[in-house]
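Sequence lines, in order, name chains A and B. 1 is the number of the first residue of the first sequence in the working numbering; add one for each residue after it. 1 is the number of the first residue of the second sequence in the working numbering; add one for each residue after it.
No wet-lab data here; the hints were simulated from the structure. Each residue gets a CB set at the ideal place from its N, CA and C atoms; glycine is no exception. Errors might be hidden in some of the hints.
For lysine-lysine, the following DSS-like pairs were computed, each having C-alpha atoms within a straight-line distance of at most 27 Å [as the list claims (entries may be wrong)]: (1) B/Lys-104 / A/Lys-23; (2) B/Lys-104 / B/Lys-50; (3) B/Lys-95 / A/Lys-23; (4) A/Lys-12 / A/Lys-23; (5) A/Lys-23 / A/Lys-13; (6) B/Lys-50 / B/Lys-38.
A partial selection of chain B residues facing chain A, derived with a Cβ cut-off under 10 Å [as the list claims (entries may be wrong)]: (7) Val-10; (8) Tyr-35; (9) Gln-37; (10) Val-44; (11) Phe-61; (12) Gly-88; (13) Ser-92; (14) Asn-96; (15) Phe-99; (16) Gly-100; (17) Ala-101.
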Amino acid sequence: QVRLVQSGAEVKKPGASVRVSCKASGDIFSSYYMNWVRQAPGQGLEWMGTINPSRYTTTYAQTFQGRLTMTRDTSTGTVDMELISLKSEDTGVYYCVFGMDVWGPGTTVTVSS
Amino acid sequence: SSELTQDPAVSVALGQTVRITCQGDSLRDFYASWYQQKPGQAPVLVMYNKNSRPSGIPDRFSGSTSGDTASLTITAAQAGDEGDYYCGSRDSSGKNYVFGAGTKVTV
Chain A
1 QVRLVQSGAE
11 VKKPGASVRV
21 SCKASGDIFS
31 SYYMNWVRQA
41 PGQGLEWMGT
51 INPSRYTTTY
61 AQTFQGRLTM
71 TRDTSTGTVD
81 MELISLKSED
91 TGVYYCVFGM
101 DVWGPGTTVT
111 VSS
Chain B
1 SSELTQDPAV
11 SVALGQTVRI
21 TCQGDSLRDF
31 YASWYQQKPG
41 QAPVLVMYNK
51 NSRPSGIPDR
61 FSGSTSGDTA
71 SLTITAAQAG
81 DEGDYYCGSR
91 DSSGKNYVFG
101 AGTKVTV
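Assemble the whole structure, with the sequences as input and the hints as a guide.
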């Protein structure tokens with residue numbers, strides 16, 4: 001059983017950046033992928049990208065190229081997602097997803113002036 | 001193609017059977033997964049690898065694939081099955097993941 005804990009809600013101004021953290025625990029094997037998925041208010045799911053923490057490889061969706069960075073801290077077992085140059089359209093709930101199987105509880109990010 | 005197409009909404013009577021479909025070119029090469037999302041909650045995986053259910057998902061849920069279309073079937077639908085159902089899969093390149101727009105199921 002894998003459990004995911006995410007950092008708390010954020011409120012940011014347009015142009016700022018946001019970092020959301022995700023910590024996995026439980027039955028984590030040595031090589032896995034952590035994905036990030038965004039959901040705008042009242043909208044569907046949007047895959048943002050993936051990171052393999054052990055190999056430190058990343059793949060980002062074209063939509064987020066240049067604005068998105070995923071990192072990992074092996075000492076804490078945490079994966080972070082940073083999105084820069086925020087716009088109001090970036091408002092939504094950000095989920096980390098282990099594999100594409102287990103979903104974190106989500107982190108609400110609000111971008112507003 | 002990187003698109004997965006789902007019907008926006010479907011309704012089913014209590015105890016009856018409903019099938020939700022997801023169509024896309026990439027489904028000829030990659031299996032679809034299905035996610036159930038209830039209001040205010042994170043999505044939950046209910047089907048993967050065409051017809052495999054995670055632990056805790058009742059066998060009233062089943063999956064299938066034919067050509068470029070994946071299906072999720074809910075038999076003996078219950079009120080608790082209401083929610084939005086999203087299909088997801090790799091795109092044709094295999095490098096990215098894509099979701100359908102979701103199907104709202106009303107029981």
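Status of the hints after comparison with the structure:
1. B/Lys-104 / A/Lys-23: Not OK: B/Lys-104 and A/Lys-23 at ~31 Å, beyond 27 Å, violated.
2. B/Lys-104 / B/Lys-50: Within the cut-off at roughly 20 Å; holds.
3. B/Lys-95 / A/Lys-23: holds (24 Å)
4. A/Lys-12 / A/Lys-23: Holds - the C-alpha atoms of A/Lys-23 and A/Lys-12 are around 22 Å apart, at most 27 Å.
5. A/Lys-23 / A/Lys-13: Status holds; Cα separation ~26 Å.
6. B/Lys-50 / B/Lys-38: Cα-Cα ~22 Å, so holds.
7. Val-10: Violated, because the Cβ-Cβ distance from B/Val-10 to chain A comes to roughly 16 Å (cut-off 10 Å).
8. Tyr-35: holds (7 Å)
9. Gln-37: holds (8 Å)
10. Val-44: holds (7 Å)
11. Phe-61: violated (15 Å)
12. Gly-88: holds (6 Å)
13. Ser-92: Since chain A brings no Cβ nearer than about 14 Å to B/Ser-92, farther than 10 Å, the hint is violated.
14. Asn-96: Where the cut-off is 10 Å and the nearest Cβ of chain A is about 6 Å from B/Asn-96, the hint holds.
15. Phe-99: holds (4 Å)
16. Gly-100: Given a least distance of 8 Å, the restraint on B/Gly-100 holds.
17. Ala-101: holds (5 Å)
Taken one by one, the earlier hints fail for this structure at numbers 1, 7, 11 and 13, listed in ascending order.
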